[in-house]
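Trainee: Full structure from sequences and hints, please.
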Amino acid sequence: MAIGQLAALARRWYRDRLAPDWQPRDRAASQALLTAVGLTGPHWTLPG
Amino acid sequence: MALTGTDLAVRRAILDTFAGGGVPTRASVAQRLECDESTVEASYAALAAAHVIVPDPSTGEVWMAMPFSAVPTEFRVVVGERSVWANCAWDAFGVAAALAADVSFVTRCVQSDRPVRAGVRHGVAFADAGAVAHVAVPAARWWDDIGYT
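Protein chains in written order, with the numbering used here: chain H, 2 to 49; chain P, 28 to 176.
Keep in mind the hints are simulated off the structure, nothing from the lab. Even glycine gets a Cβ: it sits at the ideal position worked out from N, Cα and C. It cannot be assumed that every hint is accurate.
Stated by the list, open to error - Here's a subset of chain H near chain P, in silico, CB distances under 8 angstroms, partners left out:
hint: 1; residue: A3
hint: 2; residue: P25
hint: 3; residue: R26
hint: 4; residue: P48
Mentor: This is the structure in structure tokens:
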């Protein structure tokens with residue numbers, strides 16, 4: 002994938018990691034982050 | 028199983044240590060939180076089950092607390108005056124996101140073995156011309172062997 006796409010994913014995936022109110026993300030939320038940067042299809046489908 | 032307040036405090040101590048350029052140990056986390064190591068070990072187990080950290084199977088210490096790595100990798104990320112290890116290119120950019128900071132790193136192309144420079148400058152990602160990233164393992168199998176992924 003393009004570096005810009007990877008960086009966009011990393012930004013969404015990790016931007017709250019040091020937030021005081023951080024909580025684990027559920028599968029649906031993680032899948033939505035992948036989809037938001039255009040990563041869709043079987044390769045990018047998280048386990049159910 | 029939901030993480031407890033203690034688990035989240037342990038997680039925070041781990042990440043804060045990494046963010047400062049250090050490597051957490053059960054002893055240092057226990058000292059930081061003023062609790063005993065058995066409490067920290069119980070939280071490590073809960074955090075590992077939730078895929079929040081990855082303990083080293085041989086020592087029980089934290090190996091990965093994404094985006095950080097406790098051991099050297101191909102992704103040494105420079106953040107201001109300090110540097111941290113990231114687990115992969117995704118996590119190297121993730122360090123910038125987690126710390127809300129500009130970063131730079133030099134890694135190696137897996138095909139040509141040439142150095143590749145990348146990072147985030149003024150909030151914008153950059154990389155050497157032609158650089159691309161590969162995520163070879165399907166998402167459904169990332170946690171089958173997260174060290175390989």
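Trainee: State for each hint whether it applies.
Mentor: Structure-based check of each hint:
Interface restraint check for A3/H: the shortest CB-CB distance to chain P comes to about 6 angstroms, inside 8 angstroms, so the restraint holds. Hint on P25/H holds. Least Cβ distance to chain P is approximately 5 angstroms, under the 8 angstroms limit. Using the Cβ-Cβ criterion of 8 angstroms, the hint placing R26/H at the interface with chain P is not satisfied: the shortest such distance is roughly 10 angstroms. The closest approach between the C-beta of P48/H and any C-beta of chain P is roughly 5 angstroms, which is under the 8 angstroms cut-off, so the hint is satisfied.
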